[in-house]
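Chains as they are written, first to last, in the numbering used here: chain A, 1 to 178; chain B, 1 to 355; chain C, 1 to 244.
Among the clues, some could well be false.
If you want a taste of the chain B side facing chain A, the calculated C-beta under 10 Å gives, among others [stated by the list, open to error]: (1) K7; (2) E10; (3) P178; (4) V233; (5) R235; (6) E236; (7) K237; (8) G248; (9) T258; (10) A265; (11) I339.
Counterexamples of contact, computed for chain C against chain B with all Cβ distances above 10 Å [unchecked claim]: (12) M1; (13) F79; (14) K202.
No wet-lab data here; the hints were simulated from the structure.
All figures in this text were calculated on a predicted structure; none of them were measured in a lab.
Glycine is no exception: its CB is placed at the ideal position from the N, C-alpha and C atoms.
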Amino acid sequence: MVERNIFAGFGGQGVLLMGQLLAAAGMMEGKNTSWIPSYGPEMRGGTANCSVMLSDEEIDSPLVTRPTSLIVMNRPSLEKFEDKVVPGGSIFVNSSMIDIKVKRTDVNAYYVPCTEIASELGNSKVSNMIMLGAYLGKSKCVEVETVLAALLEKLGEKKAKLIPLNREALLRGASCIE
Amino acid sequence: MAKKLMKGCEAIAEAAIQAGCRYFFGYPITPQNDIPEYMSLRLPQVGGCFLQAESEVAAINMVYGAGGAGARVMTSSSSPGISLKQEGISTIAGAEVPCVIVNMMRGGPGLGNIQASQGDYFQAVKGGGHGDYRSIVIAPSSIQETVDMMPHAFDLADNYRIPVIILADGLIGQMMEPVELHMNPNPVLPEKPWAAQGWDPKGTRPRAVINSLYIETEDLDGLMTRLNARYDVIREKEVMVEKYHTEGAEYILCAYGTVARVCKAAVRILEENGIKAGLVRPITLWPFPTKEVREVFEQESVKAGLTVEISNGQMVEDIRLAVNGLKPVEYMGKGGSIIPAAEDIAERIMQMRRA
Amino acid sequence: MATVFKKTPVLTDVPFHYCPGCGHGIVHRLVAEVIEELGIQEKCAGVAPVGCAVFLYNYMNIDMYEAAHGRAPAVATGFKRVHPDKYIFTYQGDGDLASIGTAEIVHAAHRGEKITTIFINNAIYGMTGGQMAPTTLVGQKTTTSPLGRDPEHCGKPIRIAEMLSTIEGSAFIARCALDSTPHINQTKAAIKKAFQAQLDRKGFSMVEILSPCPTNWGKAPAEAMEWLKDNMIPYYPLGTFKEV
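Pulled out of the complex, with its shape left as it was, chain A reads as follows:
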């Protein structure tokens, strides 16, 4: 199993966190993982992206030039990375924010209305977790509970009360795919 993913969106949409949680969960399940952020001034309000790899083998190059999955939270990110995805790969589109469709026909496109679902859950901040859930629903590369364990470690016990909401977000996202 090798997953080469790019998560991309506006700064503030939580794309770096999505990638970090996936990398941490992969590690917890004994996989080799890596996470590379875009960094610098573009982080301040501009677009942000990160490359995440999960592999049963040792990771040689951690750079993702041809993603197996592209997870995009805004339109510029889709336009920027659509052509890079490998044939047969997957593109997860935040349809709440992106009003165009995937042009390519040799990839699987999934449209997830992240903001709407998040509003239904009463917290628009979990849009990214809904998207991560959708990715997990398709790739099944790590368990939802492992992602939540990684999130708990990141948040600390003081914020453990946020876990049920995030669990629901991940599951709702996953159910979009099934």
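For chain A, the structure is supplied; the task is to place chains B and C on it using the hints.
Okay, now just chains B and C, sitting in the frame of chain A:
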């Protein structure tokens, strides 16, 4: 110990602490700020001291002061800041003071950019500051390797009383990978009777003079002779190199740092296409693995080499010196922080094969 | 036979290399005597500058550093942070401290670094051959101001003691002179107070000392002392600028 997903900069900082580093002097510059930030929180917890200096120039001179006082001390910066530190690094080399300097290389010259680069190879390997000196230069290619290397870096600095440069590209500092830290709450550090620490005129220790000035030619020659003898021992004993699938390979990729990992992916792609390729990865850039590189190229199976860098071609000069015309060595890379893709490297080898 | 004078053991037996009439020898001895009198020889280190006093490390019988030009306060900071229970002083000239090393001295003071600085102001670069210093007086001829310092062209001389006394982290700042025996005695008293401020962990301390450079001023030693009194002291007033 369980693995932890850590950013390269933070892992390096913690590994330095576990190696007994208790003093850090630095100045903010992207992309290495996570190191001073981490140190500012952690060092006081272990009885150490973090100080944000007024400039890189001051920071390296504080390193000189603390290293000269016998402490395990580190500074970190990125390319433009490392340029500012060169005066101090030259002083430290001349005064035979141990220290560790991390350079998270970004694009240059001038302000360049803040993305990963390998443009400071010449600066680190061929001198940097003025005068006739060397620094040991270690170029890790993963966060785990960087962490594993930190105690060794401090030991080398202490054993040889030499500055040790960890030459990493900005990517290693910014990326996250699972790492296993080697926790060592009470590291045993070597005695440093030569250090400035307050002198007892009635004691047996000679008075310490931490100094790089030798005004008489004979005296400076004495320093040079001493340093050269030490450099020879380092060349003999401290070379580190990784050879990956080089045995019986037709084409040899040469790269260090993150790029070497991309090259491993290229080797895999080439093997999938039935082409035998291998990688030589210098881990120490000084001392350079001249003999080891040459041995790989001496194999009858080897047709040519390709050096891949995120620079306009710097290490390729040392590779060619090592190969000494035995086989052709080409260069591939770009200076503008653009990391060649594994597919493109593999394609270049295929082109060379067709030619 | 009764001993009427004894060289302080904090000075080595190495003969000073200074020109006739130079102030450095006087100040070296004052600093060494203060270290002896405070009983801190075994706990004290020093940092020599780049400039005429570069060989200070040969003269002081304590652990010593030689710093790059202007960097002595940063080097002293490194030592002090490793050995907070020990003492350290920097010894710097006007090129070293007031020109190339302004960032280091200002920020050592700003941090309230518990170090002591001895600042020799002789209004000229000595070792490099009499070039203009930031402290060179208006109209004063040097090898890089051959027609005399023109304030329109390169400003007026900088007053370091006044400047550093405005910085919160400084604990003791004084200016003294070597032009007469009473002034030399005052200089020693000020050096002692500066070290005492460090011993008491009060903050940064500095003594600026107006010192003659007969060779580069082109004057005989006695004449140089007169010139210092008549020209430097009016522009650089003596006294204690800060004492907390």
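Against the structure, the hints:
1. Interface restraint check: K7 of chain B against chain A, minimum CB-CB distance 9 Å, threshold 10 Å, status holds.
2. Annotation: interface hint on E10 of chain B violated; nearest CB of chain A at approximately 13 Å, more than 10 Å.
3. Restraint check, P178 of chain B versus chain A: the minimum CB separation of about 4 Å is within 10 Å; hint holds.
4. Checking V233 of chain B against chain A by beta carbon gives a least distance of about 34 Å; that is not within 10 Å, so the hint is violated.
5. Restraint check, R235 of chain B versus chain A: the minimum CB separation of about 30 Å is more than 10 Å; hint violated.
6. The criterion of a C-beta within 10 Å of any C-beta in chain A is not met by E236 of chain B, whose closest approach is roughly 31 Å, and the hint is violated.
7. For K237 of chain B, the interface hint is violated, the least distance from its beta-carbon to any beta-carbon of chain A being 29 Å, above 10 Å.
8. For the restraint placing G248 of chain B at the interface with chain A, the shortest Cβ-Cβ distance is roughly 20 Å, beyond the 10 Å limit, so the hint is violated.
9. For T258 of chain B, the shortest C-beta to C-beta distance to chain A is roughly 8 Å, which falls under 10 Å, so the interface hint holds.
10. Interface hint status for A265 of chain B: upheld, as the beta-carbon distance to the closest one in chain A is roughly 4 Å, under 10 Å.
11. Contact between I339 of chain B and chain A, as hinted, is supported at the beta carbon level, the nearest pair being about 6 Å apart and thus within 10 Å.
12. With 10 Å as the threshold on Cβ separation, the claim that M1 of chain C sits away from chain B holds: the shortest Cβ distance comes to roughly 25 Å.
13. With 10 Å as the threshold on Cβ separation, the claim that F79 of chain C sits away from chain B is violated: the shortest Cβ distance comes to roughly 5 Å.
14. The beta carbon of K202 of chain C sits about 19 Å from the closest Cβ of chain B, which is more than 10 Å, so the claim that it is off the interface holds.
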